[in-house]
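Student: Take a look at the letters that make up each chain.
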Amino acid sequence: MFWFSFEWIWDMGHMVFMGGLWYALGIIGLGMTYVIIKTILDTFYPDFFEPGPDDHH
Amino acid sequence: MDSVLFPKGVKRCSLPMFLLGLIPVVLVLLWGVYAMLLCWIKGLNQTNMNDSYGFALWIWADLAVIAIGGGAFFSGLLKYVFGKDELKNIINYAVLIGFICYSSALLILAIDVGQPLRSWFIFWHANVHSMLTEVAFCLSCYFAVLTIEYIPLILENRKLNEIPFIHNMSHNMHGAMAVFAATGAFLSCFHQGSLGGVPGVLYGRPYAYREAILVWPWTFFLYTWSAAACGPCFTILVTKMTEVITRKKLVKDKVIHLLAEISGWMILTYIIAKIIDTIYWAQVTAPLMGFHWTEFFDSARSSLTYHGQWILYLEIIGCGIIPALILITKKGRQNTGALWFAVAMATLGVCINRWTMVMQPMAMPVMTFDSWNLYLPSWQEWATTILPVAYGIILIAISYRYLPIFPQESELNPSD
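Quick mapping for you: the protein sequence lines, in order, are chains A and B.
Whatever position you read off the first sequence (first residue = 1), add 66 for my numbering.
Whatever position you read off the second sequence (first residue = 1), add 5 for my numbering.
Hints were generated in silico from the structure; no laboratory data involved.
These numbers come from a predicted model, not from an experiment.
Built from N, CA and C at the ideal position, the CB exists for glycine as well.
A couple of the hints might just be wrong.
Claimed, not checked - On the chain B side, residues computed to face chain A include the following (Cβ under 8 Å):
id, residue
1, 121
2, 125
3, 127
4, 148
5, 178
6, 188
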């Protein structure tokens, strides 16, 4: 349920319950997004997180 | 034939023998699927549930598998949050068992709701005053977490891991696992607790009703505590059973004993809390509602009836105090027979606890003109409850064969 649904009420019950659900889903979603992006970079751009030879002075 | 898929340095039986061994389990699975389809196609008239037993065998099975699946969240919490690194050697199996338990719980719920196509209503049209809404939210989110924890194991299959993308994916998922494990522990604590909260708030059912701290009845905390205490025992029990079936040592005793010791102390503290809760309920809560505690047990006819007092003593003494005392002592843990007995009894204890809190309140007369209700599940209910067991055995067998579930296996079995 989102805040634009007709049955939404701005009360503590809705904010805590639905906020908790979005919070958990947010962490899971962000965590997996980070993993997938890092995997793409590691696989196809292996030097992305490594300092290049010119960076050492 | 499929030996290239086996984990490195281990031996497995031949493929035909493996498939032959699975046949009886697959037959049981098909029996369960047939019963499940009957329930979906013909409806819940296939069950023996009635107006008294709206919560029946399925709900007990749900609560029981969720409790014994608690080994996954508690082991994850111990390893990733409290730094018990030794548990890395059993965490994979704990995750697999947790994954099986939670997928089974969701499967049983999908049959129980009667209209699975409307399952999403609970998310979109959520009743924010219901403990069960919190359970549904946390259960589905935690199942997502368990899936995320199980995926790296699949990706670590020897052949799959040769693909660079999959290798990196697995590596990165392991890297982020602490975040998922902490989220899983948070979600798990809340849904275990809310499942306990459901009977605890039933003031019309004085057997289950308990006083509350703010909105949470005592049963909220007792359920979380008991799942954390007894879940690891089920993990140890299944590990030991797997060792017997495979005739191999799969996890070092040191790891098992560490988990058993932590579990033992958790059971001991839980059972003390449970005894205090029971005494308070018998001496204060029940009399305030006009009952003597013995009236809640169907002991008028015989001391060994369906809902007799024996079940209370079995849960607290036989499945609580005794296993706890065995597991907290070094001698008890090191004795193989005693360890087997303790983990089996602790697992049984948490299942009995869920049974008494789900079934017993349903059986008791609520009105003066009511009598004790008895309920015997239909064969469809039995079949669909046994279905997850068959599914679990199959998934464990396949995972054990092809995935590196036990990191210490090759070291412990050098002849492989």
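Student: Does each hint hold? Answer for all of them.
Tutor: Going down the list of hints, with the structure as the test:
no.	hint	verdict
1	121	violated, 20 Å
2	125	violated, 11 Å
3	127	violated, 10 Å
4	148	violated, 11 Å
5	178	holds, 5 Å
6	188	holds, 5 Å
Hint check: violations occur at hints 1, 2, 3, 4; the rest are consistent with the structure.
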